[in-house]
Amino acid sequence: MTAVWLAVLLTAAGCYALKLTGLVVPKGVLSNPRVRRFAELVPIALLAALVAVQSFTAGQSLTIDTARLAGLGAAVVALLLRAPFLVVIVVAAGTAAGLRALGVA
Amino acid sequence: MTDIDDRPAQRALARPVRDGMALGLAVGVSGVAFGAAAAGSGMNVAQACVLSLLAFTGASQFALAGAVAGGAGLIGGVAGAILLGSRNALYGLRMADLLPRRGVRRLVAAHGVIDETTAVTLAQPDAAAARLGFLATFATIYLTWNLTTLLGAFGAGRLGSPQALGIDVVGPAAFLALIWPRLRAGRTERAVGLAGAVIALATTPFLPTGVPVILAATAALAGALISPQPGAPQPDIPQPEVP
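One line per chain: the protein sequences are A and B, in this order.
Residues in the first sequence are numbered consecutively from 1, following my numbering.
Residues in the second sequence are numbered consecutively from 1, following my numbering.
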């Protein structure tokens, strides 16, 4: 439990420090286009990695959880239909929950 | 539009407030999804709420919840969550001239530098409207996000097991929704996303939990070297619609 608290506080401190950094550093620091491009692409790489890891792994092993993948598929459909953020989440969780309740997956 | 209103200055300042509050409310309620994901991951209600109050940046918060759910690798989880917050530094860089420059006010304003406030602030026609838009968005989203985090964390624990509620899908679905507009932005973006996912999956069996996700940042490095594109970083979300 204390480890989680430490993780929470470290994450909060790190995130705040980054926000403040942008307001404090001189403008020229990130004028290099490659650096800017890297900062633009980092969230895409990390978030895509998180989607993959949280969808296809359990601990350190690769796994297929049918209900979870169906939920993710439902999220993709909702996104293609331009559903708002919260609708995407509800559709994804609802699909997985429904399949599990029915005992299908 | 009618010509009856002869106070253009006031009208001009009402718009950023309206835009900011609308977007703040719409996005802020997603705190319920984070609260539920955090509770499902094994964080307690207080930890979920403190994270929303003090970190106050969605993707990083979902990432840490995912790391806690993974059980091990909290250090990697923290590093990944902080790395995800690095885009806020770029937003701050672009907004530095528009926000308070020193003292406590700058320290408070810094906390509000996130995707949504940046979108509203940079969409305004002048500095006064930009400041107002920032303030309206920040205040609205901060209140809503924290209240709904509490609701989600509190409610999820009472409704049933996270697995039965499908809460294990909330994280991945939220991340996918967050990068969706960026994946549509171009071929490099899609290639980087795909490479990041493949790198993380391929290294998962061999590396401690959390590390594969950080390693995925090399995909962004490769993307930036292969296809540098001058231009300012854009916020995740579309500009708020103005009728």
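Simulated from the structure, these hints should not be mistaken for laboratory data.
Don't take every hint at face value.
Unchecked claim - Simulated restraints, written as ranges between beta carbons of each label pair:
1) P84/A with V108/B: 40 to 48 Å
2) R82/A with I226/B: 50 to 58 Å
3) A14/B with G59/A: 50 to 58 Å
4) L81/A with T218/B: 21 to 29 Å
Stated by the list, open to error - To be clear about the criterion: a stretch of chain B counts as covered by chain A if any three or more of its residues have a C-beta under 8 Å from a C-beta of chain A, and this derived list gives those stretches:
5) 13-22
6) 86-95
7) 117-128
8) 133-139
9) 142-149
10) 218-225
Just so it is clear, the structure is predicted and the values come from calculations on it, not from any experiment.
We put the CB at the ideal spot given by N, CA and C, even for glycine.
For each hint, the structure was consulted:
1. For the pair P84/A and V108/B, the supplied restraint of 40 to 48 Å is violated, since their beta-carbon distance comes to about 29 Å.
2. Checked against the given bound of 50 to 58 Å, the beta carbons of R82/A and I226/B, roughly 30 Å apart, lie outside it.
3. As the Cβ distance of A14/B to G59/A is approximately 53 Å, the hint placing it in 50 to 58 Å holds.
4. Between L81/A and T218/B the beta carbon distance is about 33 Å. The supplied range of 21 to 29 Å is therefore violated.
5. With 0 residues having a beta carbon nearer than 8 Å to a beta carbon of chain A, the stretch 13-22 of chain B misses the requirement of three or more and the stated coverage is violated.
6. Counting residues of the stretch 86-95 of chain B whose CB lies closer than 8 Å to any CB of chain A gives 10, which reaches the minimum of 3, so the coverage claim holds.
7. With 0 residues carrying a beta carbon less than 8 Å from a beta carbon of chain A, the stretch 117-128 of chain B misses the three-residue requirement, and the given coverage is violated.
8. Figure legend: the stretch 133-139 of chain B, annotated as covered by chain A; annotation inconsistent (0 residues with Cβ-Cβ distances under 8 Å, at least 3 required).
9. For the stretch 142-149 of chain B, the stated coverage by chain A is violated: 0 residues have a C-beta nearer than 8 Å to a C-beta of that chain, whereas at least 3 were required.
10. As drawn, the stretch 218-225 of chain B meets chain A at 7 residues by the rule of a beta-carbon pair under 8 Å; at three or more, the given contact holds.
In summary, the numbered hints that this structure violates are 1, 2, 4, 5, 7, 8 and 9.
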